[in-house]
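Participant: Sequence:
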Amino acid sequence: MTIAQSAEWSRLAEHAKQLGDTHLRDIFADDPKRGEELALTVGDLRIDYSKHRATRKTLALLQDLALTAGVAERRDAMFAGEKINTTEHRSVLHTALRAPKGASITVDGADVVAQVHEVLDKMGAFTDSLRDGTWRGATGERITTVVNIGIGGSDLGPAMVDLALRHYANSAISARFVSNVDPTDLISNLDGLDPARTLFIVASKTFTTLETLTNAQAARGWLLSELGVGMEAVAKHFVALSTNTKGVTEFGIDPQNMFEFWDWVGGRYSVWSAIGLSVMAVIGKERFAEFLAGARTVDEHFLNAPPEQNAPFILGLLGVWYSNFHDAQSRAVLPYSQDLRRFPAYLQQLTMESNGKSTTLAGERVDYDTGEIFWGEPGTNGQHAFYQLLHQGTRLVPADFIAFANPTENLPSTIVASDGTQATVHDLLISNFLAQSKVLAFGKTLDEILAEGVAPDIAPHKVMPGNRPSTSIFAPKLTPSVLGQLIALYEHQVFVEGAIWGINSFDQWGVELGKAQAKALVEPLVAKSPAPVDDSSTQALLNWYRTQRDEAMITTRSGTSQLPHDQWGSRAEQGPGQSARRTARREIARPRGRLLHPSPPQLVPDATRVRADTAPGKVNIAQGALRGSQDGDLVRFYGVPYARPPVGDLRFRAPQPADPWTGELDATTFGLPCPQPGFEFPFKKPLRSEDCLRLNIVARAEPGSGRPVLVFFHGGLNLFGNGSCISGGDSLLRRGDVVLVSVNFRLGPFGYTHFGEFSTPKRPFETNLGLQDQIAALAWIQQNIAAFGGDPCNVTIWGQSSGANAVLSLMSSPKSAGLFHRAIAQSPPAATILDKEDGELYARWFLEALGAGPSEAQLALTRATSDELVAAVVKLGKLVGKRRPGARYLAPVVDGEVLPRRVIDAFAGGHAHRVPLLIGTNRDDVIVQLKRGGLSSEARDLIAAVTAQDPDLAARIPSVFPNLPEKRAAIPFNGDLRYWVPALAVAEGHSANAPTYMYRYDWSSRVSRLLGFGATHTIELIACFDRLKSFRSVFLALSGPAERQGLAQAAEHLQRRWLSFAQTGTPGEAWPQYRPQDRQTLILNTSERVESDPWPERRTFWSGFDISGFNHKASVI
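Residue numbering for the sequence shown follows the UniProt record's numbering, starting at 1 and increasing by one per position.
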């Protein structure tokens, strides 16, 4: 007896007749609370099933059907490890793949949970070695791309998850996926890859899958041919996900690098297993653990929640309701998230391979429909493709809408609410999400359309019948955990449907016969005199193919002759010219990983000209030849142009690509810094120039490649400074095999005063020029750094003070996407960001200081000499000091394009680039002011600003900072507002999205302490660069041998940590990630220690204070 012959089925059929075409409008009218009550919260998922053509009686009858079918008992048997896959005599334990360590499920006498965690631990250790660079390819290069070769579940799952979680990629490793035996799939995925930096993951449980092994063998041939090496290299570039040790070993893979999974894991349920290795390599083992934990949340809900409150039960039963009682043939899955665009394809295999069956567990032919046809596209793309059929077509298609309250990326829109609130683009996306399910449910009647004045002959065409059912699934944000919850929700729905239908959802015999027939047909396809096949249609198609294949050349996309997949033979089969071309190609190859978004086109020179020169101290880059200098074991290239000089018509314009040169460019002296105020000794004016867009590079002289790159942005209030500090980085380079870069960029009025208000089409003035210069430098580095031995896939941006604020601004700018992979911010004044109105006001005041009015801006700004502009910015500082004491006036500005929002807001909202961040401040983080009363005067200005913003907080200042504004109290008060509190806000926001490490630098010299300054602002730079170049540094840092020894110890700790972070993305052992629940912070001094929540009283005092808006509000007191 089948389920369709049960009394419960008959009662549902009768109930369906009684409901007939009862409209959702009427169902809601009769049950007005269903919108609130027919919804469930499971983990982070809010599941609204109120818009279904199902009354409360319908739901009760469906639960009766589930009881009769024994769904709960079958569920319990699955979780217990019973062999419910009866046709293959196997357990079904994908739930064990996400079971917590310490749980126990025994199958055939073995604890499978212990086995799972043994493999997970092995995966974690392996991916750590990839991500930190310990694992190297056959030529000693780091791996930057993993290529997963699989088919079905070993491809669809990891490929979908990799795309969905792309914002959580936090290493320099990207993934590609090959599945189709069509050669185009493999060839297109190998395009642009450097074989020396590529690792292949071959996913085949039996290691006999035809498509997978065909692609793996071709990939192996490509690798060996391109590298010109023997089979011994395979073990460094291939790993296996398999149980066939013999087959893996014969292929050339070290069996130690074979990751096991089990016969109780079906392919479509396997992304949680070793099949997820490519995903773990990209997002890290911690994020992968969150992914598993999310699925476990839904597992526990499915196992423990009563059926009437059990989301998989309810949604699975609704699937049966429409399939069997409303003749619905398909279900649309409509994610309102572009990152989930492969989710419908993934669900197609999950649902259709599971429940596309016509035989019951008892071996009887079913007498009812089974298996929903899943399909879909992301909104709003689908709205302009197939929603017409959903709304007005004749077929009933239930739909699942999926959306997230918080986007992974966002943009402002031009739509403004009636109260003046501006909508974001994500708000518009969600308005579509809500509108579509609303219109599908309730439609629009003819009377409503006629009442709008539509012509009677047109009105019938605009009727929306409604009564189209849908489920709405909301979550706060697309995170690894939420994605795990979504997948598990659908897995268990599929289980419920299969249990109702009495079929085996865990075999796939329909796939097997086609695979066997494909193998059998290879012989008649290629043999010279094949035997005929046994049907005339296949024979006729085969004959046509053979004829056409014999007559046509197999060509590549470029039209040149190409062999089949064994075109990649051994090196000995290739000519010397080909070998040379391969070598050249490897020199310029640049992996196109997910983190490497295209750089601005005008800033990317022709890559084919980038190559290292054989002569020491010389290199050829895209613009031409460079001659640097060799200093022992280091080579230095100073003053290298990364953009055209921003002079003449390019003053106040965005950076343009650097011009090429002929001959050798002398790169032995630093480029001139941007014009800035400074001391002028008699008869010697300091040399400065608007032609300042230069960078400096120091690297090991020893030939090499793939070295981590550190790019340093100097501080100086965005008014002073230059990149010559790199000359003191020798010990850093010798301690760690890195490439060190420093950048000169526009300062003061040239880079951080924003004259966009005075721009005209004829003479544009652009904003955020200092930040745009930094982006241009990073684009240049991406294109050229390989010529200096650097790894463009491992770039760490690093800055101090305003340079650290530049780092955080770059992390907040969509224009810098993919140009770097980690970030270090030392004492960042992260609240020092200008709102647009502030930037415009300071520009007008600057004109006042220049002696010009707004109507004269164009002429005055273009004709003024650089000295006149520098003098005007000094006057501007005095004006601001009088009119807006406490405000910083030279800073990046929120312009909606380069910087869409304030930096702290970007981190709080998860909009910053999700790369590992190392951030911190100094214990006594104030700028040294030797002028008597300077710190107290600044404190008075800041007290006034705090009072204007938050009077209640200001009233409590004496309890935390007694004796303010005296110097001893002014140091922590001023340092908190300028540096520590903004850094905390950034760390707390970023820690929710990417690895974040917090430090405090405590070392100070006796002289500094005697002066009352302690570990003051910039003092850590002495440890960074081991160079005492200024009188102030010597004065503050050293007073005897003991001080020198203490500094050496502090420098060793700092440099070791910074180098580890640049090389691996983690700063080494015993430095835990910063999280708001424990706020663990590394204290750096002559020794190290980790402290939880340093200065809790001060942190609590500032909690709730709007530090993000402080600079703006300080500007308007």
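To be clear, the hints were calculated from the coordinates, so they are not data collected in a lab. Misleading hints may appear alongside valid ones.
In silico SDA-like cross-links for lysine to any residue, where the CA-CA straight-line distance does not exceed 25 Å [as the list claims (entries may be wrong)]: (1) K444 with P32; (2) K967 with A948; (3) K878 with L719; (4) K882 with D1078; (5) K438 with D31; (6) K122 with A233; (7) K57 with H117.
Participant: Okay, which hints does this one fail, numbers in order?
Facilitator: Violated hints: 4, 7; rest satisfied.
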